[in-house]
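Here the protein sequences come in this chain order: L, V, S and Y.
The opening residue of the first sequence carries number 1 in this note's numbering; numbering runs sequentially from there.
The opening residue of the second sequence carries number 1 in this note's numbering; numbering runs sequentially from there.
The opening residue of the third sequence carries number 1 in this note's numbering; numbering runs sequentially from there.
The opening residue of the fourth sequence carries number 1 in this note's numbering; numbering runs sequentially from there.
Please note that a few of the clues may not be correct.
What the hints assert, rightly or not - Some chain Y residues near chain S, calculated using beta-carbon distances under 10 Å:
1. S115
2. P144
3. F145
4. P154
Stated by the list, open to error - A few chain S positions that, by computed beta-carbon distances, are all more than 12 Å from chain L:
5. G17
6. R67
7. E199
8. R200
9. A210
10. V212
11. D253
12. H264
Note that these hints are calculated values from the structure, not bench results.
C-beta: ideal position from N, C-alpha, C; glycine also.
Residues per chain are reported as follows:
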Amino acid sequence: MSVPAYTPDEIMTVTAARQLVNGAVCFVGIGLPSAACNLARMMHAPDLVLIYESGTVGTRPKVLPLSIGDGELAETATCVVPLPEIFAHYLQRGRVDVGFLGAAQIDRYGNLNSTVIGDYAHPTVRLPGAGGAPEIATYAREVLVIMKQTPRSFAPRLDFRTSCGYLEGSGARAASGSPGAGPRAVITDFGVLRPHPGTEELELAALYPGISVDAARAATGWPLKLAARIEMLPAPAPAELAALRELEARTRAAHARPIRISLRN
Amino acid sequence: MSVPAYTPDEIMTVTAARQLVNGAVCFVGIGLPSAACNLARMMHAPDLVLIYESGTVGTRPKVLPLSIGDGELAETATCVVPLPEIFAHYLQRGRVDVGFLGAAQIDRYGNLNSTVIGDYAHPTVRLPGAGGAPEIATYAREVLVIMKQTPRSFAPRLDFRTSCGYLEGSGARAASGSPGAGPRAVITDFGVLRPHPGTEELELAALYPGISVDAARAATGWPLKLAARIEMLPAPAPAELAALRELEARTRAAHARPIRISLRN
Amino acid sequence: MQLLPLTEAIATHVHDGDSVALEGFTHLIPFAAGHEIVRLGRRNLHLIRMTPDLLYDQLIGMGCAARLTFSWGGNPGVGSLHRLRDAVERQWPRPLALSEFTHAELALAYQAGASGMSCGLMPRYGDTDLGRLPGTTLRTLRCPFTDRLLTAVPAINPDVTILHAQQIDAEGNVLIRGIVGAAKEAALAARRVLVTVEERVERLSADMNAVVLPSWLISAASIVPGGAYPSYAQGYYPRDNRFYLAWDEIARDRQAFTAWMERHVLGVPDHAALLRALGVAA
Amino acid sequence: MQLLPLTEAIATHVHDGDSVALEGFTHLIPFAAGHEIVRLGRRNLHLIRMTPDLLYDQLIGMGCAARLTFSWGGNPGVGSLHRLRDAVERQWPRPLALSEFTHAELALAYQAGASGMSCGLMPRYGDTDLGRLPGTTLRTLRCPFTDRLLTAVPAINPDVTILHAQQIDAEGNVLIRGIVGAAKEAALAARRVLVTVEERVERLSADMNAVVLPSWLISAASIVPGGAYPSYAQGYYPRDNRFYLAWDEIARDRQAFTAWMERHVLGVPDHAALLRALGVAA
Numbered sequence: 001m002s003v004p005a006y007t008p009d010e011i012m013t014v015t016a017a018r019q020l021v022n023g024a025v026c027f028v029g030i031g032l033p034s035a036a037c038n039l040a041r042m043m044h045a046p047d048l049v050l051i052y053e054s055g056t057v058g059t060r061p062k063v064l065p066l067s068i069g070d071g072e073l074a075e076t077a078t079c080v081v082p083l084p085e086i087f088a089h090y091l092q093r094g095r096v097d098v099g100f101l102g103a104a105q106i107d108r109y110g111n112l113n114s115t116v117i118g119d120y121a122h123p124t125v126r127l128p129g130a131g132g133a134p135e136i137a138t139y140a141r142e143v144l145v146i147m148k149q150t151p152r153s154f155a156p157r158l159d160f161r162t163s164c165g166y167l168e169g170s171g172a173r174a175a176s177g178s179p180g181a182g183p184r185a186v187i188t189d190f191g192v193l194r195p196h197p198g199t200e201e202l203e204l205a206a207l208y209p210g211i212s213v214d215a216a217r218a219a220t221g222w223p224l225k226l227a228a229r230i231e232m233l234p235a236p237a238p239a240e241l242a243a244l245r246e247l248e249a250r251t252r253a254a255h256a257r258p259i260r261i262s263l264r265n
Numbered sequence: 001m002s003v004p005a006y007t008p009d010e011i012m013t014v015t016a017a018r019q020l021v022n023g024a025v026c027f028v029g030i031g032l033p034s035a036a037c038n039l040a041r042m043m044h045a046p047d048l049v050l051i052y053e054s055g056t057v058g059t060r061p062k063v064l065p066l067s068i069g070d071g072e073l074a075e076t077a078t079c080v081v082p083l084p085e086i087f088a089h090y091l092q093r094g095r096v097d098v099g100f101l102g103a104a105q106i107d108r109y110g111n112l113n114s115t116v117i118g119d120y121a122h123p124t125v126r127l128p129g130a131g132g133a134p135e136i137a138t139y140a141r142e143v144l145v146i147m148k149q150t151p152r153s154f155a156p157r158l159d160f161r162t163s164c165g166y167l168e169g170s171g172a173r174a175a176s177g178s179p180g181a182g183p184r185a186v187i188t189d190f191g192v193l194r195p196h197p198g199t200e201e202l203e204l205a206a207l208y209p210g211i212s213v214d215a216a217r218a219a220t221g222w223p224l225k226l227a228a229r230i231e232m233l234p235a236p237a238p239a240e241l242a243a244l245r246e247l248e249a250r251t252r253a254a255h256a257r258p259i260r261i262s263l264r265n
Numbered sequence: 001m002q003l004l005p006l007t008e009a010i011a012t013h014v015h016d017g018d019s020v021a022l023e024g025f026t027h028l029i030p031f032a033a034g035h036e037i038v039r040l041g042r043r044n045l046h047l048i049r050m051t052p053d054l055l056y057d058q059l060i061g062m063g064c065a066a067r068l069t070f071s072w073g074g075n076p077g078v079g080s081l082h083r084l085r086d087a088v089e090r091q092w093p094r095p096l097a098l099s100e101f102t103h104a105e106l107a108l109a110y111q112a113g114a115s116g117m118s119c120g121l122m123p124r125y126g127d128t129d130l131g132r133l134p135g136t137t138l139r140t141l142r143c144p145f146t147d148r149l150l151t152a153v154p155a156i157n158p159d160v161t162i163l164h165a166q167q168i169d170a171e172g173n174v175l176i177r178g179i180v181g182a183a184k185e186a187a188l189a190a191r192r193v194l195v196t197v198e199e200r201v202e203r204l205s206a207d208m209n210a211v212v213l214p215s216w217l218i219s220a221a222s223i224v225p226g227g228a229y230p231s232y233a234q235g236y237y238p239r240d241n242r243f244y245l246a247w248d249e250i251a252r253d254r255q256a257f258t259a260w261m262e263r264h265v266l267g268v269p270d271h272a273a274l275l276r277a278l279g280v281a282a
Numbered sequence: 001m002q003l004l005p006l007t008e009a010i011a012t013h014v015h016d017g018d019s020v021a022l023e024g025f026t027h028l029i030p031f032a033a034g035h036e037i038v039r040l041g042r043r044n045l046h047l048i049r050m051t052p053d054l055l056y057d058q059l060i061g062m063g064c065a066a067r068l069t070f071s072w073g074g075n076p077g078v079g080s081l082h083r084l085r086d087a088v089e090r091q092w093p094r095p096l097a098l099s100e101f102t103h104a105e106l107a108l109a110y111q112a113g114a115s116g117m118s119c120g121l122m123p124r125y126g127d128t129d130l131g132r133l134p135g136t137t138l139r140t141l142r143c144p145f146t147d148r149l150l151t152a153v154p155a156i157n158p159d160v161t162i163l164h165a166q167q168i169d170a171e172g173n174v175l176i177r178g179i180v181g182a183a184k185e186a187a188l189a190a191r192r193v194l195v196t197v198e199e200r201v202e203r204l205s206a207d208m209n210a211v212v213l214p215s216w217l218i219s220a221a222s223i224v225p226g227g228a229y230p231s232y233a234q235g236y237y238p239r240d241n242r243f244y245l246a247w248d249e250i251a252r253d254r255q256a257f258t259a260w261m262e263r264h265v266l267g268v269p270d271h272a273a274l275l276r277a278l279g280v281a282a
């Protein structure tokens with residue numbers, strides 16, 4: 001097996017970007033989702049509408065933000081609205097097509113933990129917490145989860161359920177009345193998991209070049225089932241890689257610029 | 001009795017203006033209240049904060065608006081906020097010191113009708129309706145009512161209760177939990193009525209020059225009681241009258257200016 | 001967002017029996033769009049608007065409406081809306097059912113609709129006849145924290161909300177500047193959104209915090225200079241207070257009203273012609 | 001509104017045991033004001049903030065806080081807030097009680113507080129462990145119209161809300177421009193409001209629809225250029241992403257953290273001195 005000419009982050013980002021249809025309204029988180037959305041916007045989906053939870057609607061950043069609220073996002077936005085409106089008027093009202101989520105743990109039904117590892121009252125690791133994840137998981141028409149696959153993060157049982165995937169599966173989510181369809185794809189560093197149409201258990205649905213089913217299974221904390229057909233995903237195209245690397249280089253340069261503040265007064 | 005050198009509207013406006021303490025936050029309605037507030041601002045209360053329900057906060061109009069939302073109000077405001085915020089963040093939150101109300105009918109406890117004369121389903125006169133009055137009546141720290149006194153408008157029984165005064169009196173309003181103190185003064189074209197400290201029934205508390213108790217009683221649809229002491233109100237001062245008339249002349253001139261719209265396109 | 005001639009925008013998106021909110025609180029009232037509804041002869045509309053104003057007097061007097069949801073129905077600073085009164089008091093030209101609220105309640109109903117909520121909550125104090133109106137949709141709850149009474153107001157989600165605004169940019173984003181009322185909430189609550197604008201510009205002359213409706217929330221837009229006359233468009237032209245005063249006379253009489261509407265609305269092809277006929281177009 | 005030196009503003013308005021919201025969503029975070037709270041040695045604070053960020057890591061690490069109400073507590077784009085984690089995981093330097101919400105819930109709690117409401121409502125879907133947190137204050141209701149489950153979130157009314165903003169004018173009105181988060185709601189919900197600003201101007205450079213806090217809603221204001229550093233002030237200076245990255249190292253270790261705070265916060269008289277010491281003041 002030859003060494004691939006791209007990193008796991010890169011193929012995850014490119015794979016996520018390819019899921020996005022031009023014109024879709026995306027509720028974007030920081031990190032890989034932000035890179036994926038902006039890559040898609042630069043490649044095949046120029047009219048992608050990016051909403052960051054900081055209140056920036058329709059932003060077109062030239063460099064990636066480090067935080068969800070960098071000035072770049074406001075400066076390139078169609079408009080900046082107060083945070084209560086982003087959640088009420090956009091997400092809760094059902095205006096978001098695609099939401100992105102990551103987490104510390106995911107279970108076989110796509111439920112997510114971003115609150116604690118260990119017991120809530122005496123945690124081993126206190127994670128950042130819910131943020132906007134529970135509402136994104138509920139209201140986005142569909143959710144893309146992006147996270148690296150390890151037996152601990154793809155867990156047989158969550159230490160804490162922060163956000164709903166398919167709950168206990170087999171229609172439990174729809175029965176709960178959740179307006180969104182839930183996690184239609186989980187993009188990992190091995191490939192893509194998708195819910196089984198009936199049980200809604202996540203199954204291995206696609207693999208990156210050079211990755212084996214066994215490797216993906218070994219990186220999963222539950223006995224990973226296989227989809228009826230496993231798609232072999234293409235490697236990132238040179239144009240995609242070039243655009244992504246240029247975006248990241250621009251970002252690194254921008255973030256390294258020293259700040260000067262005038263104290264005139 | 002000599003003919004007074006002012007109209008009933010003028011002495012009502014001047015009397016209302018004199019009630020306003022500099023710095024007070026006023027929720028202003030159109031007509032006499034708007035004239036009174038702006039007169040007070042020009043005379044003794046330059047720092048009066050005027051809020052119009054159209055969402056203009058801290059406005060300082062040079063001419064009086066005809067409607068509650070004339071452009072003049074926005075152009076001279078500290079800020080213009082959406083209407084839901086004016087009601088939630090300002091009025092309901094208890095930020096308003098003085099609210100003004102008028103009505104078609106008032107009863108002896110200061111309850112107001114601005115909805116219908118006659119039966120609701122088959123009204124003799126369909127009035128404009130509630131608008132912001134019920135909330136102003138509830139949340140303003142105190143309310144000033146301004147209306148002309150006739151036996152029909154100062155009614156023994158309201159055809160419809162749109163806004164609360166003291167309800168049935170004797171503490172009923174406070175018992176209902178209303179945050180505001182209710183109508184502290186009713187300014188009419190005869191003088192001023194104020195609630196009795198115990199029963200909260202409106203009593204004649206002040207008279208304009210040349211107006212008799214009997215005249216005020218004859219203009220009231222219930223047996224009007226007298227306050228322990230009836231104040232004799234001064235006539236409008238020449239400076240007040242001059243300022244008011246100048247304001248109204250400016251207003252008439254502004255409202256008469258013909259509109260020209262460019263159809264370039 | 002589709003850029004359409006106004007007639008086509010209304011014909012496509014406003015149907016008989018629709019619930020329609022033409023919003024704009026004393027400012028940016030979409031008169032041109034409303035007149036197009038009259039010209040197209042739409043019927044049985046459920047009209048929604050905080051402050052019905054002259055435009056609704058006209059729609060009601062022309063028999064377009066079966067129901068009115070509102071919070072204050074007068075000619076601001078002038079007096080009655082005579083056509084509204086005639087419909088309620090004497091069922092002319094047809095009966096008009098009323099759903100009436102306070103300003104705060106109706107603003108909350110739009111806000112709930114814009115937020116994907118089934119209802120909104122506000123404190124409940126005192127005791128008025130408003131809560132006892134026939135067919136009231138308000139409900140009373142107790143706060144689970146304080147046990148105090150709260151009023152629940154059901155969300156309003158109009159079939160279509162129609163706004164007038166200052167500018168649309170090359171991408172179809174729309175700027176609303178000045179007194180905004182509950183226009184944004186009414187638009188975000190609606191199933192379809194129509195906008196008329198004063199002008200089309202390459203880029204909106206707007207700060208990042210301005211009130212902007214993104215293109216993808218708008219069904220169709222039409223460029224109609226003067227489209228808010230006789231109300232106004234901040235930065236473009238002021239309110240024609242003389243017209244508001246004059247309307248009191250026109251609307252007082254059924255025949256005078258009908259003659260005015262036939263001549264100035266039905267008898268002209270579009271809003272520009274109305275403005276020219278009234279001598280306000282420059 | 002009183003214009004005060006920052007030390008005096010904080011000394012007067014922030015007391016031991018107060019609930020304090022230093023708001024600003026990733027933007028206009030009032031670092032200078034927060035550092036003054038550290039210098040004044042305030043204790044047993046109930047800190048409230050949607051996104052605790054570095055400033056709260058510092059306040060918590062210095063032992064100022066007894067409780068934290070929040071919705072997301074990380075170093076955005078970088079990782080953990082190590083001092084927050086140390087307090088929760090190992091009670092250092094003292095135990096920290098948590099009240100945690102989702103962003104939407106906390107925004108609603110501020111909004112309810114700003115609106116004089118005892119609670120706010122949102123739809124309730126699915127089933128998470130968040131609703132089962134020990135001591136949760138959320139309650140479940142049924143919509144009186146649809147019978148669907150709703151979550152009631154109790155209002156938050158901080159004793160004091162502290163904001164950083166761009167400008168204050170001659171009358172004391174304050175302009176907030178750019179990403180506003182829930183800053184306005186947090187301010188309007190509070191009993192007292194403190195503001196630090198980049199500069200004082202005769203007139204705000206703001207449109208009529210800009211986000212402005214009227215002077216009479218503000219308890220005290222202080223002029224502190226760079227007061228949001230290492231976060232940012234739109235139009236004045238950008239976010240120092242390098243500092244946010246560097247903080248990860250500093251905060252990871254108790255001694256390194258304490259040394260940094262002693263040198264850069266306790267060891268300097270004011271924010272200007274901190275900016276000079278860090279080499280960012282021009």
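Hint check: is the beta carbon of Y:P144 less than 10 Å from a beta carbon of chain S?
Constraint on Y:P144 satisfied, holds at 4 Å.
Identify whether the interface hint at Y:S115 stands, where standing means a beta carbon of chain S within less than 10 Å of its own.
OK, holds: Y:S115 within 10 Å of chain S, min 8 Å.
Is the claim that S:A210 lies outside the interface with chain L correct, judged by CB distances over 12 Å?
violated (7 Å)
Would the hint on Y:F145 stand, with a C-beta cut-off of 10 Å toward chain S?
holds (5 Å)
Taking the minimum C-beta separation from S:R67 to chain L, is that value above 12 Å?
Answer for S:R67: holds, closest chain L Cβ roughly 25 Å.
Using Cβ atoms and 12 Å as the threshold, tell me whether S:V212 really stays out of contact range of chain L.
Incorrect as stated: the minimum Cβ-Cβ distance to chain L is 4 Å, not above 12 Å.
Is the Cβ of S:H264 farther than 12 Å from every Cβ of chain L?
Fine: 37 Å to the nearest Cβ keeps S:H264 off the interface.
Just checking, S:G17 versus chain L, shortest CB gap more than 12 Å?
holds (24 Å)
Taking 12 Å as the cut and beta carbons as the points, is S:R200 off the interface with chain L?
Non-interface label stands for S:R200: nearest chain L Cβ at 16 Å, farther than 12 Å.
Since S:D253 was said not to touch the interface, does its Cβ keep a gap of more than 12 Å from each Cβ of chain L?
With a cut-off of 12 Å, S:D253 remains clear of chain L, as the shortest Cβ separation is near 44 Å.
Any CB of chain S closer than 10 Å to the CB of Y:P154?
Y:P154 check passes; min Cβ-Cβ to chain S is 5 Å, inside 10 Å.
Examine each Cβ of chain L, and state whether all of them lie more than 12 Å from the Cβ of S:E199.
holds (18 Å)
When each numbered hint is compared with the structure, violations occur for hints 9 and 10.
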